Amino acid sequence: METNKSEIRLMKGNEALAEAAIRAGLDAYFGYPITPQSEVLEYLTLEIPKRRGIVLQAESEVASINMIYGAAGAGARVMTSSSSPGMSLMQEGISYIAAAELPCLLVNVVRGGPGLGTIQPSQGDYFQATKGGGHGDYRLIVLAPSSVQEMCDFVFDGFKLAEKYRNPTLILSDGALGQMMEKVEFPGDGSLPHQIPAWATTGKKGRERNFITSLHMEPERMEEINLHLQRKYKEIEENEVRYETFEIDDAEIVLVAFGLPARICQKTVELARAKGIKAGLVRPITLFPFPKKIISDLSKKIDRFLVVELNAGQMVEDVMLAANGNCPVHFKGRMGGMLIQPEEVLEEIEKIVEESLTLNAGQE
Amino acid sequence: METNKSEIRLMKGNEALAEAAIRAGLDAYFGYPITPQSEVLEYLTLEIPKRRGIVLQAESEVASINMIYGAAGAGARVMTSSSSPGMSLMQEGISYIAAAELPCLLVNVVRGGPGLGTIQPSQGDYFQATKGGGHGDYRLIVLAPSSVQEMCDFVFDGFKLAEKYRNPTLILSDGALGQMMEKVEFPGDGSLPHQIPAWATTGKKGRERNFITSLHMEPERMEEINLHLQRKYKEIEENEVRYETFEIDDAEIVLVAFGLPARICQKTVELARAKGIKAGLVRPITLFPFPKKIISDLSKKIDRFLVVELNAGQMVEDVMLAANGNCPVHFKGRMGGMLIQPEEVLEEIEKIVEESLTLNAGQE
Amino acid sequence: MIKGTVLINSETCKGCELCIVACPQDSLSLSQKINLRGYRYVELSQDNCTGCTNCAIVCPDAVITVYRQSKQNYKKAV
Amino acid sequence: MIKGTVLINSETCKGCELCIVACPQDSLSLSQKINLRGYRYVELSQDNCTGCTNCAIVCPDAVITVYRQSKQNYKKAV
Amino acid sequence: MYTTDEIIIAGFGGQGVLSMGKILAYSAMIENKETSWMPSYGPEMRGGTANCITIISENKISSPIVSKFDSAIILNQPSMNKFEDHVKEHGFLFYEASTIINPPTREDIMVYKIAAIEEANKIGQKQISNMIMLGAFLEIKPLVKRETVLLALKKVLPERHHHLIAVNEQALLRGKELVEINYHVSV
Amino acid sequence: MYTTDEIIIAGFGGQGVLSMGKILAYSAMIENKETSWMPSYGPEMRGGTANCITIISENKISSPIVSKFDSAIILNQPSMNKFEDHVKEHGFLFYEASTIINPPTREDIMVYKIAAIEEANKIGQKQISNMIMLGAFLEIKPLVKRETVLLALKKVLPERHHHLIAVNEQALLRGKELVEINYHVSV
Amino acid sequence: MPEEMLIDEMQCVYQKPGTLTDEYMHYCPGCGHAVAHKILMEVVEEMGLQEDIIGVAPVGCSVFAYNYMNIDMQEAAHGRASAVATGIKRVRPDKFVFSYQGDGDLAAIGTAETIHTINRGENILIVFINNGIYGMTGGQMAPTSLFGQKTSTSPYGRDVAHNGYPLKITELIAHLPGAYYVTRQAVHTPNTVRKFKKALNNAFEYQKLNKGTCFIEVVSNCPSGWKMTPKETLTYIEEKMLPEYPLGDIKVPTQNKN
Amino acid sequence: MPEEMLIDEMQCVYQKPGTLTDEYMHYCPGCGHAVAHKILMEVVEEMGLQEDIIGVAPVGCSVFAYNYMNIDMQEAAHGRASAVATGIKRVRPDKFVFSYQGDGDLAAIGTAETIHTINRGENILIVFINNGIYGMTGGQMAPTSLFGQKTSTSPYGRDVAHNGYPLKITELIAHLPGAYYVTRQAVHTPNTVRKFKKALNNAFEYQKLNKGTCFIEVVSNCPSGWKMTPKETLTYIEEKMLPEYPLGDIKVPTQNKN
Ligand SMILES: Cc1ncc(C[n+]2csc(CCOP(=O)(O)OP(=O)(O)O)c2C)c(N)n1
Ligand SMILES: Cc1ncc(C[n+]2csc(CCOP(=O)(O)OP(=O)(O)O)c2C)c(N)n1
Ligand code: SF4
Ligand code: SF4
Ligand code: SF4
Ligand code: SF4
Ligand code: SF4
Ligand code: SF4
Ligand SMILES: [Mg+2]
Ligand SMILES: [Mg+2]
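Protein chains in written order, with the numbering used here: chain A, 149 to 512; chain B, 149 to 512; chain C, 22 to 99; chain D, 22 to 99; chain E, 6 to 192; chain F, 6 to 192; chain G, 63 to 320; chain H, 63 to 320.
If we strip away everything but chain A, and leave its shape as in the complex, we get (with noise of 0.2 Å):
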């Protein structure tokens, strides 16, 4: 296999995240089997052997992300996945990582919840992503992919940025994107750098010795601790914003929606238009940190967002918070692994315009 071009190719969302993992230059990949992501384990298995990297299926989540934790350490540039009952008992082992300030990719092939729920694709663990669903105040930077392609890119941006801050970053993803193959473009092998942090354990030759904890019994120290990671949070907040938009310039109506479900609406605000409504579309990219400014900005000028998720309600809290009662805030949701197609978050559209419209006649 030609590894040191680009190239073309179709392929799962799953496998094409494991092979960017390879080409960006994995040095090790823990994980255990869960559906909906157990592809990139297998697709690791066949592919790692006649490259380069360490494979290892872990007895569990928890060994995996322990792991993890070890091999970070150690400087290593490292990766797991699982889907969302795999996540939950990862959290521990993230708050640590978080805390002792690793850098690692985490990825998330989210299925519908809660419980063993079902394998079908949800986004109901963006709480869990973005606030937190371990304990303390730490802060993940969260990426969402909603093609394959991106299922690959952000492979790279996510090492990137969790080496650039030493910070975990998390690939939320979903059971859909996971398992439908799409045209995929890699870039070749050796793009993305990587050289052994100086503060790793790596033994303490010609140096003073290293440690990672997140142990400060003193809660002076633990505190300053605290305090340094708001700031890099801050920082990261301030640096590191993506997000797309379609058709907002003259919207009087924006969606905002990620991951998969942002490509449903893309279609919606195209019907939309077609019927004569001005809608628009926000895709947050990062998740954390969250484009609050240009909701913000936008809650000033138009008339009211419609935010579309796969859960019941979640990002919608923080397109709340940047818009500030500055406009309405609608939500449509669909749970349980039930995906949304373009045409109902058209009618709801509908349906809240004429709303308004009832309640604008009836203020007359």
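Among the hints, erroneous ones may be present.
[Unchecked claim] Only pairs whose alpha carbons sit at most 20 Å apart, straight line, appear in this in silico EDC-like list of lysine to aspartate or glutamate:
| # | chain 1 | residue 1 | chain 2 | residue 2 |
| --- | --- | --- | --- | --- |
| 1 | E | K65 | A | E395 |
| 2 | F | K65 | F | E36 |
| 3 | A | K352 | H | E108 |
| 4 | F | K93 | B | E492 |
| 5 | B | K352 | G | D311 |
| 6 | F | K65 | B | E491 |
| 7 | A | K423 | A | D398 |
| 8 | G | K260 | G | D311 |
| 9 | A | K352 | H | D114 |
| 10 | F | K146 | F | E63 |
| 11 | F | K73 | A | E368 |
| 12 | A | K415 | A | E496 |
| 13 | G | K257 | G | E108 |
[To be verified] Stretch-level coverage of chain G by chain A, calculated; a stretch enters the list once three of its residues show a Cβ under 8 Å from a Cβ in chain A:
| # | stretch |
| --- | --- |
| 14 | 137-146 |
| 15 | 170-184 |
| 16 | 193-201 |
| 17 | 216-223 |
Hint data in this document are derived by calculation from the structure and do not stem from the laboratory. The structure displayed is predicted, hence computed values, not measured ones. A virtual CB, placed ideally from N, CA and C, is assigned to each residue, including glycine.
Based on these hints, arrange chains B, C, D, E, F, G and H with the ligands on the given structure of chain A.
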């Protein structure tokens, strides 16, 4: 020991909670030691053999929460407790319990995070408690005590709510409340009768089989489950909101704080009023359901909120959501196990008031 | 030789053939027809069944009921 | 008998007395004084130390350094 | 001809359902069209039906999962029961004659009954029934060229199976013939 | 006399630091005052210093943890180093004469040097040094009555130790005497 | 039908137990899980336990066991079935309780719960279906996968140097004093099924007597995961699985151990 | 000082190893952890491993090990030290790696990680400090607490019927083929310390030769948890701990096992 009448004692918060659980008819406790909540398990291992119920030290928090699942599913009145890292490990199990709608009482005696952090008091797990640290859309009913007396009282309330709604209830406490001694008055035994519910797995004698599950492969069915849960949460939001207010009638600046900091802020209000600042306090007692309405109502008549938390700013988001831009919401937090003092909050108030005066002056 | 027979629920049979392997009499075989779930199902193809229950015991899907001519008063052979 | 001696860091000693138990010569005892951390610390109370290192080996806090008169060229006895 | 075509292919696990969809998607990619392929996944496949949705479009594809289809290729009875109603008005439904007892009853769609398994048995290569079906489908809905399909096959099949490409071509052609002579239009 | 008194008691683990605070809190409860007791906890206690904050008040207590104290009872040198600066202006500091080499240097507080250990040794009951200290403290800051302390002791001590109450009373009285005859005021 | 005529004169000697529901089982053709379910429910029926038993289903192919077994059941999180069973048994000590778990569930993610449940000697039965693979998730390597076994996550065969050794968890837990009765059975032939049934019988008898944990491993097949026809799995079991996982009792109660 | 005069003529035969930092150890007086730290670091110094070794500290009293051991270290989550060590060793196979864990950490919450790390035969050393109690959290019952042992969570003594049996995890894991060298040592007397040191030596030699997992249990004391003076713990170890946890090698490499 006389247990059938109420009595006043001087007790640690953790012990008061444990004693209350026995008096509330606890059938079984499963837990694992962790500072600063180990006294719960210790007290129960000492008392339960003399009185009534089961207490078992599990091999881990993961085991504990799944024992809770089993025992609650079998219709017992059950409780577990832990502190931050241990709670993170329980997130998968909690999501299962919420999805399977099993009543039980969870207790988090929060310590400073993230990671191993410190054992000093903190409120860094607010997000985890209220937005669901586990996967999927679920909610815990969350009670925040602010005294040893409430460590006792909320055990009764917690069981009541859990059983009324077939939903896990979480008592969100902190290390200081767990460790400190105060006066506490206990109700007598037997004040909270309990019957084995009809849905419990107790052997299918004389009825169709019962089963407890959270698995629903068909997304249509899983969505129904979710809709049902969301309706239940709505009902809880309508019926179970609890909060306290202090001096809000003519307040211009209203503090919002939960747990121990609410007591501290009450002192601040007194100090502020002594200085002629019209301060008031709202203390959410239920964190879910969050007391949105009082915040929303106040937001329309006061100058500003100041939210005080022992974290980097978590409940402040819920306050902002409720205030919806009607007035500014400020935040003052301490982290990593640091408590806050009334004087420190007062300083913050003075700073804010001054800034706003300068601002207003500048605008003129 | 004791005379027996089997009743096969062709709609729950998955055509795994484990009963065929287990039958000491070679009495069973796969039908050419497929059931609603798309499986070729098992049929009693010879008249030499002894009602030994082997086929039924190993059948994962509890597809087979076995009858035996003997008048002994027991319900199950296992 | 080989002549030895020990050097005791009285500030890191925690007075656990394990060295006292380990000393075959009974050379050590607890001082009446307490150090800054509040512990009564160990002293060499007899002049019969052989430098056998037993005390130092079991001392949790690496409080004791042992010297021995012998000229053999080894650094540690263990 | 068609800007977007949303196709459901459904049948038993072993009937080559997923690979039929994949080959379509692959062909579309070769022809520089936009395409997505979404399989049913997880344990429900076990013993039950498998299906996949392939979308071929001139434009960016919004949702890889849709619930109404332009075309349906149905290979067994349970799938017929499940998907008949999900074909769009004026849509197309192809079905396998030998496994489906109850034919579709809708009158607002175009229905093609194809005896692909029978034909495959005649050719003596059981596994190519799905290529016969595909040949029939492409004759009515020429979303991609037959030559492209063969190219796609070359890419998808491991080298050691490349000798099968000829018989696959034969199958595609047989499908084309079948649909020409032997279909039933209900609209 | 005092509406609220915030007291820190600090020393080595074995010096009865925590129980001294508890007895104070218990006494306050008996006298129907508001009270809270907050120990230092966790492994930092190991080999290091232990301390507790007892608050006694006429009003509801806001924070059980404060960083400035009305009174301090300090039983070892490390605690002295740590807490001397945390006594409020015009506050009170009691310290153990025999373990503290460097006496406090502040001049804006009242300082009492108490040879409680020495006195306890004289009485022949090592463990009661903390009650001597408490007796001294209560003589200067009569937050609770001596009789109440004895009542509290009765509640706190297991029955089998009730014979010790007499010697504890003696200790309290000895503390009272010590402070009367032998203190040093630096303000 | 010719059978029916005959049947009138005959006695029914084997039929689906009433303790199984009418639900169609989702298992692949020839899957050992289904046999194990059936036999377990036969024993429950014959011993008259149906109204006094609570089962725990794992996450794994048998996750839907509660749809098929007509008894009270709980579905546990992956690996935690024995902790769930502990919770149930502790509050319902007068009921029979069992967990039913796969090798990924019991011997990978659930290792700690397995060991500690047995070490506590919880008075339950653990039925352990060892098919050497993760069936439900599509054929990944399990802790019990054989040397050199190709799975979707050991595509070049299980390599001891990299993936470790096939884990004989049954032999391991037999060393725990809390384990009262430990046996390895199979369900691929009429004979092995009969023995399995006997083992189940023993286990419930011991549970009645409050003896501690009983543990029955069932060497089972997974035609889908192994990528074989059900018939082929019979040979594979005999030739590959049984040499590594020999059948028979591993720990039996001795007279003096009562 | 009279000693100093003497010292000039003498040779230093024992001193604190340079591989320990100058940090004052937070351990209680007489705690075995401190002895184990010191000896471990002596071996690291003598074998010249200081610059090529990475240690993993657990959550437990030895959580601060990284403050005392002057080598690269990582502090792991409770129970996960061996998983963390696995992660390190897999990406740094040319370094020496060890985890240092207590009995709660290794044998309760970390049971699954312990078993699977060893089953994979990870080429690391696990040092397992068995003091039969949870020291750090204030003396709760550990899996290895003795029959009848009173702890803060077994105030009436450990009751087998309720809490299960003292878990001999060392004997258990010795059965795993991935375990290359398994031994039980102690540190309460000069002699046991010397043997422990030898065992550490062996373990690092084996690691150099890539032999798989080495596992050294150290029967240790916890004066605070046991509520005894350090001197009293010596008797308790001899009379109570060692009969249950006898010292000596449990699994040693045999010639033919290279
Ligand atoms: C926490 C968690 N991790 C992973 C999974 C995915 N998963 C479901 S079943 C299974 C393994 C099934 O294997 P086994 O226990 O051997 O059962 P079998 O299907 O072979 O009977 C896995 C890994 C899950 N549901 N939850
Ligand atoms: C997830 C989690 N659970 C529990 C704890 C609390 N905890 C800290 S150390 C410890 C046990 C310590 O015992 P052991 O491993 O035997 O070490 P020792 O202190 O005896 O050396 C526990 C339960 C924790 N920090 N994290
Ligand atoms: S064993 Fe059962 S399912 Fe399998 S072929 Fe025979 S009857 Fe059908
Ligand atoms: S009962 Fe026995 S003889 Fe009859 S078909 Fe079944 S296996 Fe064959
Ligand atoms: S070196 Fe030996 S003889 Fe000297 S004090 Fe130490 S133990 Fe005693
Ligand atoms: S063993 Fe060490 S710490 Fe203990 S008394 Fe002796 S010198 Fe001091
Ligand atoms: S995948 Fe394997 S274990 Fe699961 S049902 Fe199919 S054959 Fe049985
Ligand atoms: S608590 Fe026990 S194990 Fe921990 S330092 Fe003290 S003596 Fe050592
Ligand atoms: Mg399996
Ligand atoms: Mg221990």
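For this session: With a cut-off of 20 Å on the C-alpha distance, tell me whether A/K423 and A/D398 pass.
Result: holds, 15 Å
Exercise. Taking 20 Å as the top limit, are the C-alpha atoms of E/K65 and A/E395 close enough?
Worked result: Distance ~16 Å between E/K65 and A/E395 Cα, so the pair holds.
Problem set entry | Stated coverage of the stretch 170-184 of chain G by chain A [criterion: 3+ residues, CB within 8 Å] | holds (count 3)
For this session: Given the hint that F/K93 pairs with B/E492, test it: the Cα-Cα distance must not exceed 20 Å.
Result: holds, 16 Å
For this session: Compare the distance between the alpha carbons of A/K352 and H/E108 with 20 Å, and conclude whether the hinted pair is satisfied.
Result: holds, 16 Å
For this session: Could you grab the alpha-carbon distance between B/K352 and G/D311 and see if it respects the 20 Å cut-off?
Result: violated, 32 Å
Exercise. Taken at face value, is the distance from the CA of G/D311 to the CA of G/K260 at most 20 Å?
Worked result: holds, 12 Å
For this session: Closer than 8 Å, Cβ to Cβ, for at least three residues: run that test on the stretch 193-201 of chain G against chain A and report holds or violated.
Result: holds (count 4)
Exercise. Given the hinted pair F/K65 and F/E36, is their alpha-carbon gap at most 20 Å?
Worked result: holds, 15 Å
Exercise. Counting residues of the stretch 216-223 of chain G with a beta carbon closer than 8 Å to any beta carbon of chain A, are there 3 or more?
Worked result: holds (count 3)
Exercise. Holds or violated: F/K73 with A/E368, Cα cutoff 20 Å?
Worked result: Holds, at roughly 16 Å.
For this session: Take a quick look at whether A/K352 and H/D114 sit within 20 Å of each other, Cα to Cα.
Result: Holds: A/K352 and H/D114 sit about 7 Å apart, inside 20 Å.
Violated hints amount to a single one, hint 5; each of the other numbered hints is respected by the structure.
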